[in-house]
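There are 4 protein chains.
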Amino acid sequence: MDPGLDPAAYSYVHELRVRFAETDAMGVVHHAAYLPYLEEARVAYLRAKGRPYGEIRAGGTDIAVVEVHVRYRVALRFDDVVQVHVRLGAPSASTFQIAYLLDVDGVAAATAVTVHACVDATTGRPRRLDGWLAELARDGG
Amino acid sequence: MDPGLDPAAYSYVHELRVRFAETDAMGVVHHAAYLPYLEEARVAYLRAKGRPYGEIRAGGTDIAVVEVHVRYRVALRFDDVVQVHVRLGAPSASTFQIAYLLDVDGVAAATAVTVHACVDATTGRPRRLDGWLAELARDGG
Amino acid sequence: MDPGLDPAAYSYVHELRVRFAETDAMGVVHHAAYLPYLEEARVAYLRAKGRPYGEIRAGGTDIAVVEVHVRYRVALRFDDVVQVHVRLGAPSASTFQIAYLLDVDGVAAATAVTVHACVDATTGRPRRLDGWLAELARDGG
Amino acid sequence: MDPGLDPAAYSYVHELRVRFAETDAMGVVHHAAYLPYLEEARVAYLRAKGRPYGEIRAGGTDIAVVEVHVRYRVALRFDDVVQVHVRLGAPSASTFQIAYLLDVDGVAAATAVTVHACVDATTGRPRRLDGWLAELARDGG
Chain L
1 MDPGLDPAAY SYVHELRVRF AETDAMGVVH HAAYLPYLEE ARVAYLRAKG RPYGEIRAGG
61 TDIAVVEVHV RYRVALRFDD VVQVHVRLGA PSASTFQIAY LLDVDGVAAA TAVTVHACVD
121 ATTGRPRRLD GWLAELARDG G
Chain S
1 MDPGLDPAAY SYVHELRVRF AETDAMGVVH HAAYLPYLEE ARVAYLRAKG RPYGEIRAGG
61 TDIAVVEVHV RYRVALRFDD VVQVHVRLGA PSASTFQIAY LLDVDGVAAA TAVTVHACVD
121 ATTGRPRRLD GWLAELARDG G
Chain B
1 MDPGLDPAAY SYVHELRVRF AETDAMGVVH HAAYLPYLEE ARVAYLRAKG RPYGEIRAGG
61 TDIAVVEVHV RYRVALRFDD VVQVHVRLGA PSASTFQIAY LLDVDGVAAA TAVTVHACVD
121 ATTGRPRRLD GWLAELARDG G
Chain E
1 MDPGLDPAAY SYVHELRVRF AETDAMGVVH HAAYLPYLEE ARVAYLRAKG RPYGEIRAGG
61 TDIAVVEVHV RYRVALRFDD VVQVHVRLGA PSASTFQIAY LLDVDGVAAA TAVTVHACVD
121 ATTGRPRRLD GWLAELARDG G
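Residue numbers (the numbering used here), protein chains in the order written: chain L, 1 to 141; chain S, 1 to 141; chain B, 1 to 141; chain E, 1 to 141.
Next up, chain L with everything else stripped away, as it sits in the complex (with noise of 0.2 Å):
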């Protein structure tokens, strides 16, 4: 999944503005805060969607990470509000991706793929993925 430069590629868009608490001594935004920018964006993404989070952990499913991709274009800096913009890939049996591109003022910051399982929430083993990923897939992520 190649997430692109584009913004009008993406279904949805959240902001965000960056702690002082999430940068470090090069001055700038240090590269693992980024990630909980993209967590955060989904679950922003999940509720605007009809799934909060707090509800599918509920129903008994986890939703893990197994793999993520950052690229750093521009660094982010202090006080900057962040456009996240998210869209959701094509489910595969047990696996689904998001995109996210985050920009500032219209200049790509960072672009980023995250893969994810569902897993059992009190086991944490592996399960299929949950119905309506396929459906918000296909309604367009």
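Careful: at least some of the hints might be erroneous.
[To be verified] If we take Cβ atoms under 10 Å as the criterion, some of the chain B residues that face chain S in the derived model are: (1) 28; (2) 30; (3) 31; (4) 32; (5) 33; (6) 36; (7) 38; (8) 57; (9) 64; (10) 67; (11) 68; (12) 71; (13) 121; (14) 124.
These are calculated hints, taken from the structure and not from any lab test.
None of these values were measured; they are calculated from a predicted model.
The beta-carbon is built from N, C-alpha and C at its ideal position, and this holds for glycine as well.
Dock chains S, B and E against the given chain L, drawing on the hints supplied.
Just chains S, B and E now, with coordinates in the frame of chain L:
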């Protein structure tokens, strides 16, 4: 409980090294990063005293943090090797305190006190302190 | 400075939502994650008062944290929407304090006080408090 | 660059222990916490090779992260002692790669690749790779 600046007043010392991820745009360690340092030292202290935290949790007890107090004196920096001195205070009926002194090359960087309670690991409800805590404190913390 | 439990005693409120990344294996928000919440609220407060922290730093002043005190009352959980109430205390010659009340749906989750000093943004050396801090405190914080 | 599962294919190993602060409400290490593990191992690797990162920065070079790729295989847990195996790949004109294998008691927990560029520590602008990086890669990484 007054954490003092004399390392000799502490019963245990744990060493750690500052990660780059823990710095911020002021070029020093972010103040929030000290709390995981205290926790890491607390866990190492319990392990050294024959009470690995994993076993405490497996026994049905979680140790909750109910208060933290930190005084920052000299900023920590990337790659600093930090000595975290630890001392257990005399427990009350339901809580116990731990004092900390962080130093780098003998220079006091910060002092801290954390206050803890025992809670049921399943329900999260408060419970009486485990008996070994009072024993440990009596034995000099 | 005693942070009280009455929201009416605070001059500003900032809202945030708990990230999954901020939880820990006890199923609640890790105690260290509260410090960035306080910081985010403090930065929002300064912005609302016409003092964006980026401008303060560009003006040559960094606001260092010299003490933090947090009392945890009721655990925060994933996806909680948290109101962080903020109040600036009367500054001394060289430091100022900010009090915080965190609540969720009107239930007090935590209170905190942070103590700050102004330092030179280049050298990190202490400097006199910027004059606007005393004015802001006089105007009701 | 394909990080393999054979520890013998790596030139350096760094050991660390999982902090409680790094776990999340699924009871395992949060996926974002792996990035500071990679960084800590990278810094330890450079130190072992006679290139402490503090000296690299003092020499005017920052090593920026331009891409990260992580594949999570078996969840890490609180108090796990993790071996982070590290290998430097052959650099291109302007970037270099590092591969990682994380294991616990010989079980592969995750693999990762990070891609880096050298930037001017003052301006943040890209610069040619420092010569010692190519030498280090030639010497077997």
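Hint-by-hint comparison with the structure:
A least Cβ separation of about 7 Å between residue 28 of chain B and chain S falls short of the 10 Å threshold, and the interface hint therefore holds. With 10 Å as the threshold, the beta carbon of residue 30 of chain B comes within range of chain S, its nearest partner Cβ sitting at about 8 Å, so the hint holds. Evaluation of the residue 31 of chain B hint against chain S yields a held restraint, the C-beta minimum of about 4 Å falling below 10 Å. Because the smallest distance between the Cβ of residue 32 of chain B and any Cβ of chain S comes to about 4 Å, under 10 Å, the interface hint for this residue holds.
Among the interface hints, the one on residue 33 of chain B holds; its C-beta lies about 8 Å from the nearest C-beta in chain S, closer than the 10 Å criterion. About 6 Å separates the beta-carbon of residue 36 of chain B from the nearest beta-carbon of chain S, less than 10 Å, and the hint is met. A cut of 10 Å between beta carbons decides the hint on residue 38 of chain B: the least distance to chain S is about 9 Å, and the hint holds. Look at residue 57 of chain B: its Cβ gets to within about 8 Å of chain S, closer than 10 Å, so that hint holds up.
Because the beta carbon of residue 64 of chain B sits about 8 Å from the nearest beta carbon in chain S, less than 10 Å, this interface hint is met. Proximity of residue 67 of chain B to chain S holds as hinted, the smallest CB-CB distance being about 5 Å (cut-off 10 Å). Checking residue 68 of chain B against chain S: minimum C-beta separation of about 5 Å stays under 10 Å; hint holds. A distance limit of 10 Å between C-beta atoms decides the matter here; for residue 71 of chain B the minimum to chain S is near 5 Å, and the interface restraint holds.
Residue-level restraint check for residue 121 of chain B holds (minimum Cβ-Cβ distance to chain S is 8 Å; threshold 10 Å). Of the supplied interface hints, the one on residue 124 of chain B holds, with its beta-carbon coming within about 7 Å of a beta-carbon of chain S, less than 10 Å.
Checked against the numbered hints above, the structure violates none of them.
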